[in-house]
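Protein chains: 2
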Amino acid sequence: MATVTIPTSVPSPAEDCELLRKAFAGWGTNEDLIIQILAHRNSAQRKLIRQTYADLFEEDILKELDKELSNDFERVVLLWTMDPAERDAFLANEATKRLSTSNYVLMEIACTRSSHDLFMARQAYHARYKRSVEEDVSYHTTGDFRKLLVPLLSSFRYEGEEVNMTVAKSEAKILHEKILEKAYNHEELIRILSTRSKAQLNATLNYYNNEFGNVINKDLKADPKDEYLTLLRATVKCLTCPEKYYEKVLRSAINKLGTDEWALTRVVATRAEVDMQRIMEEFHRRNSVPLDIAISGDTSGDYKKMLLALIGHGNN
Amino acid sequence: MATVTIPTSVPSPAEDCELLRKAFAGWGTNEDLIIQILAHRNSAQRKLIRQTYADLFEEDILKELDKELSNDFERVVLLWTMDPAERDAFLANEATKRLSTSNYVLMEIACTRSSHDLFMARQAYHARYKRSVEEDVSYHTTGDFRKLLVPLLSSFRYEGEEVNMTVAKSEAKILHEKILEKAYNHEELIRILSTRSKAQLNATLNYYNNEFGNVINKDLKADPKDEYLTLLRATVKCLTCPEKYYEKVLRSAINKLGTDEWALTRVVATRAEVDMQRIMEEFHRRNSVPLDIAISGDTSGDYKKMLLALIGHGNN
Chain A
0 MATVTIPTSV PSPAEDCELL RKAFAGWGTN EDLIIQILAH RNSAQRKLIR QTYADLFEED
60 ILKELDKELS NDFERVVLLW TMDPAERDAF LANEATKRLS TSNYVLMEIA CTRSSHDLFM
120 ARQAYHARYK RSVEEDVSYH TTGDFRKLLV PLLSSFRYEG EEVNMTVAKS EAKILHEKIL
180 EKAYNHEELI RILSTRSKAQ LNATLNYYNN EFGNVINKDL KADPKDEYLT LLRATVKCLT
240 CPEKYYEKVL RSAINKLGTD EWALTRVVAT RAEVDMQRIM EEFHRRNSVP LDIAISGDTS
300 GDYKKMLLAL IGHGNN
Chain B
0 MATVTIPTSV PSPAEDCELL RKAFAGWGTN EDLIIQILAH RNSAQRKLIR QTYADLFEED
60 ILKELDKELS NDFERVVLLW TMDPAERDAF LANEATKRLS TSNYVLMEIA CTRSSHDLFM
120 ARQAYHARYK RSVEEDVSYH TTGDFRKLLV PLLSSFRYEG EEVNMTVAKS EAKILHEKIL
180 EKAYNHEELI RILSTRSKAQ LNATLNYYNN EFGNVINKDL KADPKDEYLT LLRATVKCLT
240 CPEKYYEKVL RSAINKLGTD EWALTRVVAT RAEVDMQRIM EEFHRRNSVP LDIAISGDTS
300 GDYKKMLLAL IGHGNN
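Residue numbers (numbering that gives the first Met the number 0), protein chains in the order written: chain A, 0 to 315; chain B, 0 to 315.
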């Protein structure tokens, strides 16, 4: 389901590093060469390139890229080149320092990564920031947002497919009750969303839909403008069908007056190696236009080239 | 700081397994031999013995021990033989099914293990129970106990020695404020205790002591019989000086009318390879009697032999 394409014969990391070094050399920078190499290596290969580059030239390639590139192109190349766990740590840390829209980034990381990958991101956060992610997030958030985000980020969900139907029924009822009482921040509701396995949650929400006649997100739309409720609906989406969540993020980013490059870059850089194919299918279905066309119309230059390479444009 | 003693020349796992197999054979069981072997192997060696036993005899040695042994002796041998992460998962699961005293077990596991070991226990919990520990604990607890225990168990604290004195001051004030308001379950108080690194917490609590004239646990003693407050004080103790906490658990277990073998076994089996030496020093200082004498007077038979072997009795 990834969209990144790797050439059938991949040069050695040392060869890639020599070429990248050349791309950085002199006055100009050879952006095409950077894209040609980095956008077509998977995370294990990029990791090797980074290690080899440090061995050969005693420089962190991220610092080189930071020096040579700028703006949106710089951001997408940097995010992409990072190790996925380090990237999540970086995005989470950045999110603790931004406005409330960044709550989505934190929720995304907590809910769309596998339990193992989320834990790797927490480890990378320690290494890079000398604090824990839950420490920073609980320090920087308040009220309902804190109540929801901290348990989501601290969770280590079971990932098996086992489902307990008795639990599904009883917890669907709890959810329904709390929603009827408008107790959207109730600890039971948050407990269910933040601790149950995705398979179990799915069973619970299916029962909810069957028994109470609406998908839960419809019932969570009492006040469509309420920020917490909007985040709660996004949480449910990320836990049950992440590709739909991401499709919507892309749709809003592209349809904005002035593209939201921050969101567009994040989604492409974090999903290209995961489920971008599915996200693109959703996007096409929902917008009647393929994602690569939409991106082409909204971006330009090296930034556009890099995004298109990552979503596999022009591969077939 | 461990008390377990390993012979200078350790037999091969296969030799140990052959002897253990003999110890189980026939009508009687050779308890002395079991103690002689298992109580004098470290966790890596016990793990190898367990694997080798399974390879040689197609039996889980834990099942064999379960068949052959009984009562308190069985429990201490089983707990000791388990891998530490598996043992923590087992104790945590057991705790979710018992009465409120088991809140201490959950808190202990959350607060006295290293971040890495706590995470290993969460992984072992997945493997063994097909659920997450935070899932079971949040399901089985309510009110203030849940509010405290779930974040403690979900935390992945930073373990570096870095301390931020500005944070220490401001959070000591928050703690003091909340205690003055008797808001012992306030989310800020729980945030601080459950997310800050142990080094940072120590700095915060030292500042608290200097600035407000009492150690925090004195101020948390408003109602000495309140169960939640008692757990809160124990939490602070586990986070700052675990050996004192464990000394007290041992003291209460031994001084009880009828020893509390459940607690005694747990402390010895979980700490013998960690900090039992320090706990014994504290015990001797606080009770004017060495722990081995106290245990000898209160227990008997193979159970007593096993406990004494684990705390290094008769080694010098």
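One should not assume that every hint holds.
No farther apart than 27 Å at their CA atoms in a straight line, the calculated lysine-lysine pairs in the DSS-like style are these [what the hints assert, rightly or not]: (1) A:LYS129 with B:LYS66; (2) A:LYS146 with B:LYS197; (3) B:LYS197 with A:LYS181; (4) B:LYS168 with A:LYS236; (5) A:LYS96 with B:LYS172; (6) A:LYS303 with A:LYS224; (7) A:LYS129 with B:LYS129; (8) A:LYS172 with B:LYS181; (9) B:LYS172 with A:LYS146; (10) A:LYS177 with B:LYS172; (11) B:LYS168 with A:LYS146; (12) A:LYS236 with B:LYS197; (13) B:LYS168 with A:LYS129; (14) A:LYS168 with B:LYS96; (15) A:LYS129 with B:LYS236; (16) B:LYS129 with A:LYS197; (17) A:LYS96 with B:LYS197; (18) A:LYS146 with B:LYS236; (19) A:LYS146 with B:LYS304; (20) B:LYS304 with A:LYS197; (21) A:LYS146 with B:LYS181; (22) B:LYS146 with A:LYS168; (23) A:LYS129 with B:LYS172.
These are computed hints drawn from the structure, not numbers from a lab.
The hints, checked one at a time:
{"no.": "1", "hint": "A:LYS129 with B:LYS66", "result": "violated, 48 Å"}
{"no.": "2", "hint": "A:LYS146 with B:LYS197", "result": "holds, 23 Å"}
{"no.": "3", "hint": "B:LYS197 with A:LYS181", "result": "violated, 38 Å"}
{"no.": "4", "hint": "B:LYS168 with A:LYS236", "result": "violated, 40 Å"}
{"no.": "5", "hint": "A:LYS96 with B:LYS172", "result": "holds, 24 Å"}
{"no.": "6", "hint": "A:LYS303 with A:LYS224", "result": "violated, 33 Å"}
{"no.": "7", "hint": "A:LYS129 with B:LYS129", "result": "violated, 32 Å"}
{"no.": "8", "hint": "A:LYS172 with B:LYS181", "result": "violated, 34 Å"}
{"no.": "9", "hint": "B:LYS172 with A:LYS146", "result": "holds, 22 Å"}
{"no.": "10", "hint": "A:LYS177 with B:LYS172", "result": "violated, 35 Å"}
{"no.": "11", "hint": "B:LYS168 with A:LYS146", "result": "holds, 24 Å"}
{"no.": "12", "hint": "A:LYS236 with B:LYS197", "result": "violated, 36 Å"}
{"no.": "13", "hint": "B:LYS168 with A:LYS129", "result": "holds, 19 Å"}
{"no.": "14", "hint": "A:LYS168 with B:LYS96", "result": "holds, 22 Å"}
{"no.": "15", "hint": "A:LYS129 with B:LYS236", "result": "holds, 24 Å"}
{"no.": "16", "hint": "B:LYS129 with A:LYS197", "result": "holds, 13 Å"}
{"no.": "17", "hint": "A:LYS96 with B:LYS197", "result": "holds, 24 Å"}
{"no.": "18", "hint": "A:LYS146 with B:LYS236", "result": "holds, 26 Å"}
{"no.": "19", "hint": "A:LYS146 with B:LYS304", "result": "violated, 49 Å"}
{"no.": "20", "hint": "B:LYS304 with A:LYS197", "result": "violated, 47 Å"}
{"no.": "21", "hint": "A:LYS146 with B:LYS181", "result": "holds, 21 Å"}
{"no.": "22", "hint": "B:LYS146 with A:LYS168", "result": "holds, 24 Å"}
{"no.": "23", "hint": "A:LYS129 with B:LYS172", "result": "holds, 23 Å"}
Checked against the numbered hints given earlier, this structure breaks hints 1, 3, 4, 6, 7, 8, 10, 12, 19, 20; the rest are met.
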